[in-house]
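S.K.: What follows is the residue order along each chain.
2 protein chains.
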Amino acid sequence: MPVPTSSTAQAPLPAFWLRDNCPCEQCRDPRNGQKLFQITDLPEDLALAASTEQDGHLEVLWSDGHRSRYPLAWLSAGHRGDARTEQDKRHWQGADFAAGIPEARWADYLADPAERAAVLRAVQRLGFAVLREVPAVERQVLAVAGTFGYVRETNYGELFDVRVEPDPNNLAFTSVAIAPHTDNPYRDPVPTLQLLHCLENAAVGGDSGLVDGFRAAELLRSEAPGDFAVLTRTLVPFVFRDRVTELRADRPLIETDPLGRIREVRFNNRSIGTLRLPAAELEAFYAAYRRFAAITLRPELQLEFRLDRGDCLIFDNVRLLHARTAFEQDGSRHLQGCYADLDSLASTLAVLDRQNAVLDGLQELFEGAGAEEYLGEAVTQAGHMLQAAVLAQRSGAPDHLVAAALLHDVGHFFDADSHRAVTGKELMAGHDNRHSHTGADWLARWFGPQVTEPVRLHVAAKRYLCAVEPQYRAGLSAASEFTLGVQGGPMTPAQAAEFAALPGAEDAVAVRRWDDRAKETDAATPPFEHFRPLLAALLAPLAVNGQPGKAS
Amino acid sequence: MPVPTSSTAQAPLPAFWLRDNCPCEQCRDPRNGQKLFQITDLPEDLALAASTEQDGHLEVLWSDGHRSRYPLAWLSAGHRGDARTEQDKRHWQGADFAAGIPEARWADYLADPAERAAVLRAVQRLGFAVLREVPAVERQVLAVAGTFGYVRETNYGELFDVRVEPDPNNLAFTSVAIAPHTDNPYRDPVPTLQLLHCLENAAVGGDSGLVDGFRAAELLRSEAPGDFAVLTRTLVPFVFRDRVTELRADRPLIETDPLGRIREVRFNNRSIGTLRLPAAELEAFYAAYRRFAAITLRPELQLEFRLDRGDCLIFDNVRLLHARTAFEQDGSRHLQGCYADLDSLASTLAVLDRQNAVLDGLQELFEGAGAEEYLGEAVTQAGHMLQAAVLAQRSGAPDHLVAAALLHDVGHFFDADSHRAVTGKELMAGHDNRHSHTGADWLARWFGPQVTEPVRLHVAAKRYLCAVEPQYRAGLSAASEFTLGVQGGPMTPAQAAEFAALPGAEDAVAVRRWDDRAKETDAATPPFEHFRPLLAALLAPLAVNGQPGKAS
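Going down the list, the sequences are from chains V and H.
Those letters in the first sequence? Residues 1 to 552, by the UniProt record's numbering.
Those letters in the second sequence? Residues 1 to 552, by the UniProt record's numbering.
Per the computed footprint, the stretches of chain V lying under chain H, defined by three or more beta-carbons under 8 angstroms from a beta-carbon of chain H, are: (1) 16 to 25; (2) 29 to 41; (3) 150 to 159; (4) 224 to 236; (5) 247 to 258; (6) 277 to 283; (7) 291 to 297.
For the record, the hints were derived by calculation from the structure and aren't laboratory data.
All C-beta atoms, glycine included, are put in the ideal place defined by N, C-alpha and C.
Full structure from sequences and hints, please.
M.R.: Listed below in structure tokens is the structure:
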């Protein structure tokens, strides 16, 4: 037997690591990847009894009798991290955005998952993005946060107002600049995201400024490593205290992870309380702090832009420092802001990336394998499904049924086990009489039951219609009549009654009828791309809805 | 000139530290303690030009001309921290609660600020507390969280249900135990508090278990320091992934602060993803992890108790591991849970402590200085104020006016500058004609304007009434007639009109009339304690209301 080794170091794979990662359904919930056992459930003397490589898998028999099967590709896969440290960020200075800052129109952000992913990726990688043409109405900022995460309520409420009112007695009134800072360092956990939505900006001046705090920290590390070390080690007492609040957090200005990578920056002189340290440490801290503060003010690090009515800035509050330039001339300025967190944004982005990959994959299927012949019918597979979708759309069907019609035969493309394409010949030979289930199961990884269940039942619907409508069977194509046998023949009256009682039965029958009619030789159909926005809208965008239950 | 030194180390006080802590109103917002300057605003060559000690203060003239004045007591004060690391916790094992767990009745928790502080302090110091007799209605858990903080919404929603339904087909149905774990380690920031509210528990078994994760980590450190170090250094990829979510956080199982103190524990085998490390590091991690896991299961560390209908458990989710014992017999069990954060809980506790200290201080005043004679009247100061409060209460006045009546002369106890008690003789000598303002300003540190403004205006109300009601002046006591002159005499008609237009004028007049009547020689009054719950309820309990505005 081959001695399994880890791909990175040619040492034997540690038994507990390997077993802890067993992907079988006994060990891991297939719905959410959560393990179903505790590490202490494994025997102390756990060992590999036997292992073999076969079919691209490492198969292991364990000393306790359990069997595991690992894809070799998994063994050598890399780590996908949480993208929270400096190594996963693109550090920047002001001039890097000479050609423009990351931005998108609100309408495009809502309609196009690729645009939405681009905006969220900018926040993750660059630390910020601006949405333009967001409706300039009160509380809209909460809706923006809701597109990727959850509002973090604080003692300032769900949202806060940043307002400068003109002073009618003093037209030359100049509101002071606000130096670059992060918000709420006295909170722990500190809000990791901030949103600022401009409802009005009639002021001259009062522009928004951003500084990449990771870049500033990196500069400090390279220019004065000792000062960098002091700021990562010194616990700074951040405090906010008023009549009804007393928030305290003792955290370093620059937080590094156990590998020494910059992870969070807190910078806000206003809320630094009194450090109580020996004098020499105070001297060292204030020297390092002043040096770091001076770096954050370097002109080349500043990015300035104007937020106008309808603009919404989203930024990383544990990385970027934000600022406001002085008002040169009077005028109302009103922003509404709220806090949210990076973890949900990253989750939304990851799901959007998966969903965009699914749409890309479906498009490839329609343009590749789907362009092949369809069971001896006079249309291609893709042509057939596109026709079905067009028929659904023309009949005024809701979007989820158009999607079900479009995707009803997608199971034909996959073998249930290997996910390899199934040829029409194999189906004709009776190999796949469960393509409706294969397709529905595959689709259920991204779509809800409104889409998947009509797909799952569309073959049963044929057997049902053959049982309850004699004229329906007479109208079947020759190929469809042939596969009816493979599929189980017409339902018995008892089966038909049971089917009709299923929640999705009516939708499945509708899909079935479009399916049957979608075999015109020369029907003009739009390309798959036409349906892409409709499919995109049906992909669940955030986790609150459709969550089957809490996993702790 | 004396060379100022820090009290801990007899070295000269660092100039930037001292200046950064200047308490003057130019440097620091008196409402919230936030600094009004940036560290970079200070000159590079900042130095002390001169300093003297006088009147218990260090007075400093700076090289840039600024003057600062520091109480000597402040110079030698200790650090008040954020109470988040092991040093601020009472570590425990199960037997420590043989006499009972920290708990309170919901009604007492709501009514009594001291009880409320005790519960929150238990969560902060021990990691948990149980509220009993909480109304067993859906969504009530959100109201519990709202008494000390803000609900952290996640992909599970605002709240989540933990339900085990009886299986009518299998009465012997046994639901499995859930091993001790922390929740949501794949989230970052992880929710630092969890609440579990029992709506129903008809099951036999299914008890709740808690383990002090800091204690477990401490044991690991003392028994196997190398393993402890491995767990603080190794970034564990926590993952939760389903159709609509993909949360990832790379964090150590045991997080220490820059001083090496245990700060957070994450422990959840279910959501540990695949570590990608050299084989030797994987071996070391799994050995340390298994040792730590075994410690968390030691019988002496387990605390088990039952949550019954109406019980709400609040616990620290970055310290305590929670568990559920197996069900021995079937029965419905339904909990509702939500997440919140420790920082707001600590803030609420700090404010409650301040408020309880204020009530204690007022009680001392009423029982001490207040028991002295009142300006030659036939009652004591305390007797006078208690009578006024009783009159207000008998007239059906709202609580805030009863409080204003009770506290209307509290300014007599303080000299505006020194806060030392002012004697009746001094007042008679015309020393304090502003006691209403002194009192209102002092009260405004804890009470809202509904209480403070009638106090502020009650002397003006006398001058107003003398102006608009001739018979009112005729009824004044001799002492009151005397002080009328000190206070400015009756208002002019213009002054009276201006006064009547003030928002609090009517309330102030009401307080004034009780004030005037509250001079009975032998009126029976309840002690100060009688009014304490009423005052407690008027002290702002949380930060959302009454916040003047956001400070970043």
